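Since each chain comes alone in its own frame, lean on the hints to assemble the complex.
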Amino acid sequence: MSPLVRSMLMVFGASVVGSFGMAFLKMGAGRLTKSIWSFLNARLVFGVVLFLGSSVLYVAGIKGGQLSVLYPMVSLGYIWGLLWAKIFFNEPLTKQKFAGLGLILLGVFFVGLGSQDQQPPAHATAAARQFQR
Amino acid sequence: MALVFSCTVLGALAQLLIKKGTTTITPDLTSILLNLPLIAGYSIYGINTLLMVLALKDGEMSMLYPIIALTYVWTTLLSYTILGEPSNLYKNIGIITIVLGVAVMGRGSRK
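Residue numbers (the working numbering), protein chains in the order written: chain R, 1 to 133; chain V, 1001 to 1111.
Bound-form chain V, shown alone (with noise of 0.2 Å):
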């Protein structure tokens, strides 16, 4: 389960990444070949795919899986804090009831 934690929190900082390289691209392609942040991004992607795969060899899929949905809860933190977007009470509800269902799940698992 800290594995697929640790996962979410790559895979927002991924996406952050890949949103800040997505700014500088231009239509040709060593424009997007060369994109340090965009490079970067994907390859935590890859970093996050084997670490999923380490987390599924001795856990529940049907609980890791959902837990992935942590990845909201960061990215959103992230738009607040490094993004500067506004604060928006639909989301914070949404990012609340998030934890709220992976602590139930959690829960669950120690059993």
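Bound conformation, chain R alone (with noise of 0.2 Å):
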């Protein structure tokens, strides 16, 4: 496998990892009391474990460069997000949401356009140093 499709599908991991943790974040926030302790519910936990999942993944492919095609594929997870929000929320999928994705994905890939000749985040390659050790 060539470095490029490992870094895309690490990349295409945490978008879908990263969609799930939104969905149990929703879950969880239904599921908030008065009392302070209920952000600790098991949902929501589980939520910050897949964006802290989602994240590594993300670092850890995005480390190997080509970022105009890594950086706008981490937006596909919104394309999952708003299955999700179907599926389990039984939210409705109206024009305005698919016309105003299709906006903002078409932006996030301009902006990746953008960034094709920058070296990777210097966070996200400080991180992934720290992964490799």
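FYI, nobody ran anything at the bench for these hints, they're computed from the structure.
For clarity, every value in this text was computed on a predicted model and none was experimentally measured.
Hints may be right or wrong, so weigh each one.
Derived Cβ-Cβ restraints for the label pairs, each shown as a range [unchecked claim]:
hint, chain 1, residue 1, chain 2, residue 2, range
1, V, Asp1058, R, Leu4, 38 to 44 Å
2, V, Val1009, R, Ala99, 37 to 43 Å
3, V, Val1099, R, Asn90, 38 to 44 Å
4, R, Phe98, V, Tyr1080, 37 to 43 Å
5, R, Ala99, V, Ser1031, 31 to 37 Å
6, V, Tyr1042, R, Thr33, 23 to 29 Å
7, R, Arg6, V, Ile1082, 31 to 37 Å
8, R, Gly30, V, Leu1034, 34 to 40 Å
Using N, Cα and C, we set each Cβ at its ideal position, and we do this for glycine too.
Set out below in structure tokens:
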């Protein structure tokens, strides 16, 4: 497997895991009560764990470079998020949501294009070095 | 929606702080644990998650999640102003398109 495909798979995985993280945050948010301890409910905690897992995958994937491809790929998570919102929470998927999401994805794609000549963000490479050891 | 909006501003700020923090980093662990910008950056991420949860409590995930992309807009603007990175046509087109997308999403939610 070429390094780019490997990186793409990792970033793709990060987008899926991250979108599940968001869904679990939403489930957990529904269980909040007046007590501050309700923030420690299992769904919320699992959501945060998924976020952490997602960022580990993202950082590991992005150190392969090719930011112009990898950077916008994370925003694929918004598409999965839309699916989970429909499936798990029965939210209506309106035309505005699709149009808005389309524009946002296009915008992130352009930001990625503009990033292609640059090094990966310093924090990504520094963190990646930590994971390598 | 206002909650998520502040999340995106804070998120960009956190990224900037973390980037600042990593410039002085060395491989030894204490330099990471005592690195104030890094600690501040990650603390902001923590606060961000709490805000996001509060927003999700009453808001629609299908709308709030993509709005997080506004973070790209603030990050780009901060990198222009604070880090002094050169302005970039693709990035400018990108952030304008993202803002448009968020505006379209927002309109849909008011009905």
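These are the hints, each one checked on the structure:
1. V/Asp1058 to R/Leu4: 38 to 44 Å: Holds, since V/Asp1058 and R/Leu4 (Cβ atoms, about 41 Å apart) stay within the stated range.
2. V/Val1009 to R/Ala99: 37 to 43 Å: violated (24 Å)
3. V/Val1099 to R/Asn90: 38 to 44 Å: violated (29 Å)
4. R/Phe98 to V/Tyr1080: 37 to 43 Å: violated (31 Å)
5. R/Ala99 to V/Ser1031: 31 to 37 Å: Between R/Ala99 and V/Ser1031, where Cβ atoms are some 47 Å apart, the hint is violated.
6. V/Tyr1042 to R/Thr33: 23 to 29 Å: Cβ of V/Tyr1042 to Cβ of R/Thr33: about 27 Å, so the range 23 to 29 Å holds.
7. R/Arg6 to V/Ile1082: 31 to 37 Å: holds (34 Å)
8. R/Gly30 to V/Leu1034: 34 to 40 Å: holds (39 Å)
Of the numbered hints stated above, those contradicted by the structure are hints 2, 3, 4 and 5, listed in ascending order.
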